[in-house]
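Respectively, the protein sequence lines represent chains A and B.
Position 73 (the first sequence) corresponds to 73 in the UniProt record's numbering; numbering is contiguous.
Position 418 (the second sequence) corresponds to 418 in the UniProt record's numbering; numbering is contiguous.
Treat the hints loosely; a few may be bogus.
[As the list claims (entries may be wrong)] A few chain A residues that face chain B, going by a derived Cβ cut-off under 10 Å, partial list only:
| # | residue |
| --- | --- |
| 1 | E14 |
| 2 | N19 |
| 3 | E30 |
| 4 | T36 |
| 5 | S40 |
| 6 | T72 |
| 7 | S74 |
| 8 | T76 |
| 9 | L79 |
| 10 | S127 |
| 11 | A128 |
| 12 | F129 |
| 13 | L148 |
| 14 | F149 |
| 15 | I156 |
| 16 | E166 |
In case anyone wonders, no lab produced these hints; they're calculated from the structure.
Cβ coordinates follow ideal geometry from the N, Cα and C atoms, glycine included.
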Amino acid sequence: MKVDQTKPLEYSTEQNNLNILGFWMFLGAEIMLFATLFASYFTLEGWTGSGPSGSEIFEITPVIFETFILLTSSFTIGLGVHAMRLMNKKATITFFSITLLLGLAFVGFEVVEFFTYIEEGAALQTSAFTSILLSTLGTHGAHVTFGLFWGLFILIQIKKRGLTPETANKSFIFSLYWHFLDVVWIFIFSFVYLKGMM
Amino acid sequence: MDFFDRFAIPHPSPVIYASMVAITLTLVAIVAGVTYTKKWGYLWREWLTTVDHKRIGMMYLISALLMLFRGGADAIMMRAQTALPENTLLDSQHYNEIFTTHGVVMIIFMAMAFIMALMNFVVPLQIGARDVAFPRLNALSFWLYFWGAMLFNISFVIGGSPDAGWTSYFPLAGNEFSQSVGTNYYMIAIQIAGLGTLITGINFIVTILKMRAPGMTLMKMPMFTWSALITNLIIVFAFPVLTVALAMGTIDRLFGGNFFTTTDGGMDMLWANLFWVWGHPEVYILILPAFGIYSEIIPTFARRNLYGYKSMVASIVLISVLSFVVWVHHFFTMGQGAMVNSIFSITTMAIAIPTGIKIFNWLFTLWKGKITITVPMLYSLGFIPIFTIGGVTGVMLGMSAADYQYHNTMFLVAHFHLVIIPGVVFAMLAGLTYWWPKMFGFMLNERIGKLSFWLISIGTCVAFFPMFISGLDGQARRMYTYSEATGFGIWNMLSFVGAIMLAAGFVTIVYNIYYSTRYASRDIGSDPWDARSLEWATHTPVPDYNFAITPQVNSSEAFWDSKKNGHKLFSGEYKEIHMPNNSGVPFIMSAIFFVLGFSLVFSIWVLAVIALLGIFACLAHRSFEQDHGYHIPVEEVKETEEKLGGAR
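Same shape as in the complex, but just chain A:
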């Protein structure tokens, strides 16, 4: 394995470069995935049948909490990658851990939110609107949940193996994923919740 010392660790080998470009392509596919969900959401937004509409079930308080938690986690993972570039293993681990804990808190809030919806009579089966609402939120939430495990695995690897071209590459790609989920959340926050509450 040839290591190019002039480049950041995550870009230092040929395979690392391929991995990062490949992940950007994957994010392109993810953008299409969420774009389809959003397009379907806007189409079905008013198709509430006999179920509730968005303005009847959305509550701003938990959503604000979720937003702050997720945006903060995007900041801390940025710090984590910065620490990784400085080859500070301890700080990297700390910031990644904080990120994952914030992610866990986000998922916790979202689970509570889902149960509230179902209690209020807005289940997956209620109407076209609730189907697409819970699917869109659920797809994002499932991504975050998956990310928790993925991030945990990488964390363990950094702890055991240190900051190598391989672990640095994985951490960097994971940070791309995490930032992407944040961007998707900003869209959900603006165009699902805020628009729905107006």
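Once you've looked at the hints, dock chain B against the given chain A.
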């Protein structure tokens, strides 16, 4: 419904019992054969765990040929049923199932697999690479496709096949009107295979963008590689739409969601839109690689450079963009209004422009060329007129006002078969014959190959031209029978004759493979066609590492340049070569996907959860695994090169 009732087929008939027996016997024969010849270890080490793009390509090829016959059997049954008025060979349920599976099998499991086969084998060789960017993912792609196809194919004998058409429009495909598990198979099997396709898309984009031989700029790439790049871009941007649509359909059918229902706000037209937002680009995912293959074969056998390289590239890119803005033309009659229909009419007809450019470029390449008529060239020459007829009738269908007359008639069926057969099937057979010597080290017999070509091309015309007439006379597609008074009988009988000719043509191809395997000369060198691009510059059979020394490229026809103008492709010393390790995980993980799919189809939740955990375990294993591949030492490279006929 009782739990076990779901596994019963909704319309038992002797044909289905016969296929049950046939499937069981085949499975037993395969297991017994492999055990008897003690090939399990070989099969596992060399094929099931391989990450080599060439072997994966071959496995795609075998699967595609099998699926061709599977989908072909459906086609023959369809044509046999409608050959006579008031025929009772099949009942309506059975007919619904076979036209649905014919469409799905041919598009998703045959044509896609065939394209993947040629792309996998050829693209890394054409760009002078050692393998694809992510060999392990490539294996995963294949096995997801394979197990998805297997899941779809057992539907016929367990629980019943999907019966709502390959477009599976809701509300027909919803629980209310499609009560058997058939449509569950559709939603889930295509989802699994589609995941594999998406992964291939990402893999090949990175491979083509990052792993080209030094000197090969984007505008020096062979045309097949160009078409593969654009195709994979379309895949990455179109397949997620299908993923979402299938997931919504699955939620509707399994969990009582209300996306596409007719009550509680559901919107059935959303399915039609999402399906075709994927479905139309999918058409171009199939046709662009075919265009790429013709652009390789025509210059080779006309002994001229490809005419209009830049306009070829530009038209591929233009087609890929337009492919995303025409989807409404699949349902002009479903109530969008004149304004929307007109816009989509114009975009649809606009596609004829870049396609026309390509047709003229091929014709100009032939102009004043020294043409040799080989089997691949015959397919390419046959493609141009038949495809043009199919394409021009497509422009007719694209006029939204006139489409009210043609919509859902046999005219439409004739149109899309006459683009897809010369466009895709001819191209795949041409590519198969063309690259066969590189894959297997001998050539397919030319005489039998020409017979196949004539049977298939005449069969295509005989099978589908009559449908134009019966369609204009008002015969609707997907009708399992019709009365004698309609006068459709003669046209359908002609179609049946054409279908038989097509079947005969495909049988001769299999015979050709058998005959050539036994009798063809193995002494053909590495460049039997006197071809132009890099895949012919390496040895036959291609060594594991493809190229011992990475080639230096200076033009879009690098190998031709090296042969005729003395350009030196390979210079430098042998170095040790880094190779990826084989892995069984892609196979195992995809097999677990099959279990997951099966348990979802039949709502066996416990098993589904166990399978999900299994998939998760495979992912975790991959995350923690430290696999740095292995190195082939210089001596071994030297030895292999000398054994294969001297240094290159």
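Legend entry - Earlier hints that do not hold, by number: 6, 7, 8, 9, 13
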